[in-house]
Each structure stands twice: as structure tokens, then as C-alpha cells.
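Residue strings, one per chain:
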Amino acid sequence: MTVDLAHYLAVSGIIFGIGVAIALSKRNVVAVLMGIELMLNASNLAFLAFSRFSGAFQDGTEPLAGHTFVVFVLTVAAAEAAVALAMAVLIYRRRETVDLDRISVLRW
Amino acid sequence: MLPTDQLFSDYVPVLIASIAGFILVISALIGSRLLAPFSEEREKGTTYECGMLPLRRASTNVGNRFYLYGILFIIFDVEAVFIFPWVLTFVGVGPLAYWTMVTFVAILGLGLAYAWKKGALQWR
Amino acid sequence: MTDLLGNDLNLQYELLGPEIALVITAALVLFADAFRRELKIGQSAIPAISILGLVVALLLSLLWIDENKDFARLVTIDNFTTFFRVLFIAVTVVVIIGSHEYIERRVSHLGEFYSLLLLSTVGAMLMAGARDLLTAYLAIEVMSFSLYILVSLAKSDTRSGEASLKYVLLGGVASAMLLYGLSFLYGVGGSTQYTEIAAALSDGTSTLELPLLLGLALIIAGLGFKASAVPFHMWTPDAYEGAPIPITAYLSATSKAATFALLLRWFAGPLLPAIDSWQWMISVLAVLTMVIGNLVALQQSNIKRLLAYSSIGQVGFMLMAIVTISDQTGSALLLHLSGYIITNLAVFMGVIAFYNRTGREEIVAFRGLAQTNPYLALVITAGLFSLAGMPLLAGFLTKFILFQSVVSGGYTWLVVTALLASTVSLYYYLQVIRQMYMYQPEGDASRWRLSPTGYLATGAMLVGVVWVGVYAAPFYTAADRAIAPLFT
Numbered sequence: 001m002t003v004d005l006a007h008y009l010a011v012s013g014i015i016f017g018i019g020v021a022i023a024l025s026k027r028n029v030v031a032v033l034m035g036i037e038l039m040l041n042a043s044n045l046a047f048l049a050f051s052r053f054s055g056a057f058q059d060g061t062e063p064l065a066g067h068t069f070v071v072f073v074l075t076v077a078a079a080e081a082a083v084a085l086a087m088a089v090l091i092y093r094r095r096e097t098v099d100l101d102r103i104s105v106l107r108w
Numbered sequence: 001m002l003p004t005d006q007l008f009s010d011y012v013p014v015l016i017a018s019i020a021g022f023i024l025v026i027s028a029l030i031g032s033r034l035l036a037p038f039s040e041e042r043e044k045g046t047t048y049e050c051g052m053l054p055l056r057r058a059s060t061n062v063g064n065r066f067y068l069y070g071i072l073f074i075i076f077d078v079e080a081v082f083i084f085p086w087v088l089t090f091v092g093v094g095p096l097a098y099w100t101m102v103t104f105v106a107i108l109g110l111g112l113a114y115a116w117k118k119g120a121l122q123w124r
Numbered sequence: 001m002t003d004l005l006g007n008d009l010n011l012q013y014e015l016l017g018p019e020i021a022l023v024i025t026a027a028l029v030l031f032a033d034a035f036r037r038e039l040k041i042g043q044s045a046i047p048a049i050s051i052l053g054l055v056v057a058l059l060l061s062l063l064w065i066d067e068n069k070d071f072a073r074l075v076t077i078d079n080f081t082t083f084f085r086v087l088f089i090a091v092t093v094v095v096i097i098g099s100h101e102y103i104e105r106r107v108s109h110l111g112e113f114y115s116l117l118l119l120s121t122v123g124a125m126l127m128a129g130a131r132d133l134l135t136a137y138l139a140i141e142v143m144s145f146s147l148y149i150l151v152s153l154a155k156s157d158t159r160s161g162e163a164s165l166k167y168v169l170l171g172g173v174a175s176a177m178l179l180y181g182l183s184f185l186y187g188v189g190g191s192t193q194y195t196e197i198a199a200a201l202s203d204g205t206s207t208l209e210l211p212l213l214l215g216l217a218l219i220i221a222g223l224g225f226k227a228s229a230v231p232f233h234m235w236t237p238d239a240y241e242g243a244p245i246p247i248t249a250y251l252s253a254t255s256k257a258a259t260f261a262l263l264l265r266w267f268a269g270p271l272l273p274a275i276d277s278w279q280w281m282i283s284v285l286a287v288l289t290m291v292i293g294n295l296v297a298l299q300q301s302n303i304k305r306l307l308a309y310s311s312i313g314q315v316g317f318m319l320m321a322i323v324t325i326s327d328q329t330g331s332a333l334l335l336h337l338s339g340y341i342i343t344n345l346a347v348f349m350g351v352i353a354f355y356n357r358t359g360r361e362e363i364v365a366f367r368g369l370a371q372t373n374p375y376l377a378l379v380i381t382a383g384l385f386s387l388a389g390m391p392l393l394a395g396f397l398t399k400f401i402l403f404q405s406v407v408s409g410g411y412t413w414l415v416v417t418a419l420l421a422s423t424v425s426l427y428y429y430l431q432v433i434r435q436m437y438m439y440q441p442e443g444d445a446s447r448w449r450l451s452p453t454g455y456l457a458t459g460a461m462l463v464g465v466v467w468v469g470v471y472a473a474p475f476y477t478a479a480d481r482a483i484a485p486l487f488t
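Protein chains in written order, with the working numbering: chain A, 1 to 108; chain B, 1 to 124; chain C, 1 to 488.
In case anyone wonders, no lab produced these hints; they're calculated from the structure.
There may be inaccurate statements among the hints.
Said to hold, decoys possible - Pairs of lysine-lysine residues, derived as DSBU-like cross-links and limited to a Cα-Cα distance of at most 35 angstroms, are as follows: (1) K117(B) x K40(C); (2) K155(C) x K40(C); (3) K155(C) x K117(B).
Said to hold, decoys possible - According to the in silico footprint, chain A covers these stretches of chain C (three or more CB under 8 angstroms from chain A): (4) 181-188; (5) 296-303; (6) 442-452.
This one's a predicted model, so the numbers in the text were calculated from it and none came from an experiment.
Even for Gly, the Cβ is constructed at its ideal location relative to N, Cα and C.
Construct the entire structure; sequences and hints are all you get.
In C-alpha cells:
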């Protein structure tokens with residue numbers, strides 16, 4: 001059995017699906033954030049797989065755009081976690097909860 | 001691509017190690033269950049068998065001060081990811097790469113200075 | 001300087017002059033505020049520095065009119081970029097002038113506020129100029145992250161933090177979807193460069209139909225969120241209500257325009273060869289957006305929420321231009337976008353001036369404004385009528401040109417829906433106007449005046465609304481010249 005592009009894409013699709021499910025169903029801010037991180041990392045896996053299995057990679061003429069993308073996405077994900085956690089702390093100080101069902105002055 | 005049997009033969013040591021690990025852990029657990037003496041006293045269940053009694057549950061919330069440190073740490077930690085590829089390539093690219101990284105680190109330094117000035121590094 | 005493949009990289013840093021100037025200003029503002037006590041500078045110095053930096057950036061961006069260059073194959077500097085640079089800088093200047101009193105009184109963390117405002121302007125400018133998926137993605141995130149924090153900065157308002165949290169979480173999900181879509185686009189196109197994706201898509205890619213379709217759906221969902229198109233609009237009313245009003249104005253202007261700049265660049269460039277796959281998706285989105293946005297607006301009682309839903313409705317009209325994309329609809333969209341921004345800013349500057357005086361934002365609070373401050377009532381009325389599309393005002397002319405270009409693009413049924421939705425919108429705009437003119441003021445009925453900067457901002461926007469409505473020729477030429485580089 002050879003592991004090729006389709007296998008990587010399947011794994012990344014599964015991870016992305018789990019991420020979406022977590023992000024949309026969990027009511028805790030931190031859990032939703034974890035779901036978002038899973039989604040971002042599924043994209044990273046897809047980028048790397050596409051970059052590695054492109055025809056140009058075999059010829060050595062691939063400019064590694066997919067690999068570069070992953071590095072930047074990692075930092076964006078960290079920044080995203082930082083901003084969202086800061087918001088969660090802000091809310092927690094005022095309300096003593098991070099449960100999204102109880103944060104409901106505004107009606108979605 | 002590797003032939004199938006070779007692909008799997010590479011993983012045989014991993015398989016053996018994990019089976020051996022399971023057997024060792026399980027036999028240790030069963031052994032202690034069979035051999036060790038057990039007493040059913042009330043002190044046995046407390047956090048410290050000798051010493052002061054615990055005041056409240058251990059699973060309280062972590063102070064949200066820790067989050068600030070966590071946030072600062074993760075930002076500066078992840079920025080290091082740009083430095084590793086740079087180390088491998090900057091000789092080939094030349095002075096431009098050097099000055100780019102100097103600018104990048106300077107911006108990070110400015111961020112640190114800002115956090116410091118705002119008192120984010122002080123434990124209150 | 002060449003890249004790995006031997007392409008020449010043009011590293012003229014002057015090309016990025018406006019962005020660099022704004023980033024430096026943002027850092028200056030941040031540190032001037034942090035060290036305010038040591039440097040002995042007053043509060044008003046901070047908006048002054050910001051305006052100065054914005055003016056410098058404006059002049060620097062005017063240097064590149066009629067040029068067509070790229071910076072290191074990452075950012076294009078052509079008339080399209082220049083158009084949006086000028087637009088975004090102008091919006092930020094107006095927002096700062098019109099609302100610095102509001103900001104001083106009701107926003108916590110002054111330095112952070114102005115510096116994030118400048119940084120999000122930089123992100124928006126790069127969104128319009130990007131010619132590589134990576135640049136575009138990072139620009140989107142720079143703008144969005146700044147806005148997430150800006151939304152949370154309203155002082156002593158519990159709605160603010162909550163709105164921001166919802167905006168961050170939903171925005172995170174949306175940008176992760178966008179990113180996953182981009183990874184498929186990269187897989188299908190084999191590159192992150194717009195030009196190379198366009199080339200790869202146009203020379204027959206029938207084997208990759210499914211990933212392309214999936215990627216397009218995810219990209220449209222992600223961008224639909226940023227543009228607040230139905231059904232991805234849930235965050236809009238909450239974020240608009242919870243944010244400080246200047247940020248609400250800014251969200252409805254820059255964040256929306258930047259998303260449309262990106263949509264134009266993508267759907268007229270790398271994604272144009274796949275038009276059959278996405279045309280129906282966008283037209284469904286456009287219909288849903290204009291119908292639902294305008295219908296839900298009918299039952300709002302808070303002026304910020306009302307304007308949020310009205311802006312959702314407007315997005316539906318603008319999406320029609322993406323469906324029938326061509327140089328004609330493109331320039332009509334640019335014209336409508338600038339008219340909409342001027343109009344919306346007129347309304348918001350009026351609402352900010354009103355809030356400074358009364359501290360209230362319900363629609364019933366506007367009762368009798370025509371008696372207590374006839375000038376302000378006139379500004380808000382002109383803005384609302386223009387949003388509804390009344391003749392002689394910006395909204396009528398730009399909407400007319402937009403609808404006409406969509407009809408000539410062959411989508412008459414879309415325009416019929418848009419006209420119906422537009423009629424509905426007149427009703428809720430008139431509700432606000434009725435409160436101002438038909439009722440007696442409650443409580444304090446004495447006349448009051450705006451501050452000088454309040455007069456400056458509202459007056460400039462009022463003149464703008466009438467000017468675009470009566471004599472739009474210069475704007476039309478500018479839009480025409482801006483869209484030309486996309487279709488050559």
C-alpha cells in the first residue's frame with residue numbers, strides 16, 4: 001500500500017470535520033478555540049500534502065509555497081488563540097463564566 | 001514508494017515495544033493488587049496521610065493571571081518558527097536576509113517593551 | 001534579487017510606502033500613549049499624530065497613480081490598489097475627526113485604539129493590493145484581529161466584550177474555512193500566485209472538478225462571513241451593537257469595502273476561469289442577503305442594529321455585481337461602494353454626534369431631533385434617504401448605475417428582487433425619519449450645537465452625499481480607471 005495524496009487529504013478532511021463539529025457544538029470558549037485550531041491544522045496538512053505531491057516537487061522546481069503558508073498559518077493560529085483567550089479572560093473577570101449559553105446580553 | 005512488507009517491517013519493533021509495555025504495566029498492577037497489604041482506614045483517603053488536613057478541593061480554577069503569561073509566552077514562542085528556516089537559508093540570500101531578521105526581532109522587542117511598560121510582566 | 005525559480009523580485013520598498021508609513025505611525029501612537037506621562041503630551045496629541053501619519057500615507061499612495069508594478073510578486077500597485085488605499089485612508093481620517101470626543105470619553109485604552117485602527121487600515125489596503133494567496137490571507141487576518149480587539153474597547157459596556165468574543169470565535173471559524181478553501185485552490189492551481197492559478201484553471205482541469213468546487217464553496221463561505229452575507233451574517237448585528245460607534249462605522253465601511261476589493265481581485269482574476277462553478281453560489285447568496293437583511297431590519301429598535309441589517313441588505317446589492325462580473329459591473333460596484341461608504345459615514349457621524357449629547361441609541365430616542373438640532377436631523381435624513389436610494393443623493397445614482405450594469409450582464413431577475421428589497425428598505429429608513437420630524441422631543445427640548453469637529457465631519461459627509469448624487473462624473477472616471485487593470 002502506498003500512502004499518496006488522497007490519504008493525506010482524507011485525514012485532513014476528517015480532522016477538519018472534527019474541528020467544525022467541536023467549534024459549532026461546544027459551549028465553552030476554550031473548547032471552541034480548540035476546534036478552530038483543529039480546523040487550521042487540517043488546512044496545514046492539506047497545504048503540505050498538496051505541496052509535497054505536486055508534480056513540481058519531484059522535479060525540484062516547487063517554490064515550496066505550501067510549506068511557507070504553513071509557517072505563517074502557525075503564527076496566525078497563535079495570535080488568534082492569544083486574542084480569543086484575552087477576550088475570554090475579559091469576560092470571565094466581569095461575569096465569572098466562559099459558557100457561551102450564559103454570555104447572552106446580545107441575541108446572536 | 002516502499003514495498004508494503006518493508007513498510008510494515010519497519011514498524012515491527014514499535015509493535016513489540018508496545019506489546020511488551022502493555023504486559024509490563026498490567027503485570028505490575030496485578031502484582032501489586034495481589035501482593036500488597038491494604039488497609040481501609042479513613043486517613044488513607046486524605047491528601048496527606050500525616051500533616052494538616054486539606055482545606056478545600058484541589059480542582060479550583062487557575063487564576064486568570066496565568067492566562068496573560070500564557071498569551072505572552074505563546075506569541076514570542078511561536079515567532080521562533082520564522083528563525084529556524086532563516087538560519088538554514090540566510091547565507092545564500094545575503095545581507096537582505098540579515099537585515100530582515102534584525103527588523104523582525106526589533107519589532108518583537110518593541111512588543112516586549114510595550115508589554116513591560118504596561119505592567120504585563122509584573123505579578124500582582 | 002530572484003526567487004527559487006529565477007523570477008525577478010522587485011524589492012522597491014517605496015511601493016509599500018503608505019503601508020510602512022501607517023505601521024510606523026501605529027507604533028508611534030502606541031508608545032506615545034504608553035509613555036504619555038514621561039513625555040508630557042496631552043490626550044489630543046494622539047489623534048493628531050494619527051491624522052498626520054494618515055495624510056503622509058495618502059500623499060505616498062498618490063505617487064503611484066497610473067503605475068502598474070508589483071512588490072516581490074506579493075503586492076500589486078496599480079490603479080485598483082491606489083483607489084482602495086485612498087478610500088481606506090479617507091475613511092479612517094473621517095472616523096477619527098468625527099469621533100475623537102466620543103473616543104476620549106467612552107473608549108478605554110486610547111493609544112491601543114488609534115494604533116489598532118491604523119493597523120486594520122494597513123490590513124485593508126494590503127487586501128486590495130495582494131497578488132498572492134498568502135499575502136491576501138495575512139492581510140485579512142491583520143485587519144480582522146485589529147477589529148476583534150477594537151470591538152471590545154467600549155468603556156464600561158458589558159455588551160462590548162461579549163460582542164467581541166462572538167466576533168472572534170465566529171471569525172476564527174470563518175477564516176479557518178477560508179483557509180481550507182485556499183488549500184484546495186492551491187492544490188488545484190499548483191501555486192499561490194493569482195496569475196498562475198488563473199493560468200492553471202483556464203487550461204482544462206476537468207480531473208480536479210470536486211476539490212475546486214469544495215474549495216470555492218469554502219472560500220465563498222469565509223468571504224461571505226467577512227462581508228456579512230446571509231447566512232453568514234449572525235455576528236454582524238451583535239458586533240455592530242456592542243462595538244464603540246466609531247468602530248461600527250468603520251466596520252460598515254472599511255471592513256466591507258476591503259472584502260469587496262478582495263472579492264473583485266479573486267473573482268475577476270484567478271477564479272474567473274471557473275465562473276460556471278461559482279456564479280450560482282454568489283447569486284443565491286446575493287438574493288438571500290438582500291431579502292433577509294432588509295426584512296429583519298424592519299423590526300429593529302436600536303439604531304446600530306438597524307444600520308447593521310441595512311448594511312447587510314446593501315451587501316446583497318453589491319454581490320450582484322460579482323455575479324455578473326465584467327469591467328462595467330466592476331466599475332459600477334466601485335462607484336456604489338464609495339457612494340455607500342460616504343452615505344453610511346454621514347449617518348454614523350450624525351449618530352455619534354447625537355450619542356455624544358444624549359448617550360442613547362434607541363430609535364425612539366431620536367424623537368423631535370428636528371426641533372432640538374435641525375442641522376443634525378438634516379444630515380441623518382439625507383444619509384438615510386441616500387441609503388434608501390432617493391434621487392439627487394449619492395445612493396440613487398450609484399444604485400441606478402449598479403442595477404443597470406447588472407441588467408446588461410443578463411441577470412434581470414436579480415435586479416427585480418433588488419428593487420423589491422430596496423422598496424422594503426425605504427420603510428424602515430422612514431421610521432427613523434418619522435421619529436425625528438413627526439414627534440415632539442421628550443424631556444429637554446432646548447437647542448444644542450455640535451462641536452467644531454462634529455460640524456466638520458458631518459458637513460463634509462453631507463456635501464459628499466449631495467455631490468456624488470448630483471455630479472458623479474469624477475467618481476465615475478476614477479472607478480473606471482481603477483477597475484481597468486483587473487480586466488486587461
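So, going through the hints one by one against the coordinates:
The hinted pair formed by K117(B) and K40(C) meets the criterion: a straight-line CA distance of about 16 angstroms does not exceed 35 angstroms. The straight-line distance between the Cα atoms of K155(C) and K40(C) is roughly 24 angstroms, inside the 35 angstroms bound, and the hint therefore holds. Taken as a hint, the K155(C) and K117(B) pair is honoured in the structure, with Cα atoms around 21 angstroms apart against an allowance of 35 angstroms. Judged by the Cβ-Cβ criterion of 8 angstroms, the region 181-188 of chain C is covered by chain A as claimed, because 5 of its residues qualify and three suffice.
Counting residues of the region 296-303 of chain C whose CB lies closer than 8 angstroms to any CB of chain A gives 0, so the stated coverage by that chain is violated, three being the minimum. Evaluation of the coverage hint for the region 442-452 of chain C: breached, as 0 residues show C-beta separations to chain A shorter than 8 angstroms, against a requirement of three.
Checked against the numbered hints above, the structure breaks hints 5, 6 and satisfies the rest.
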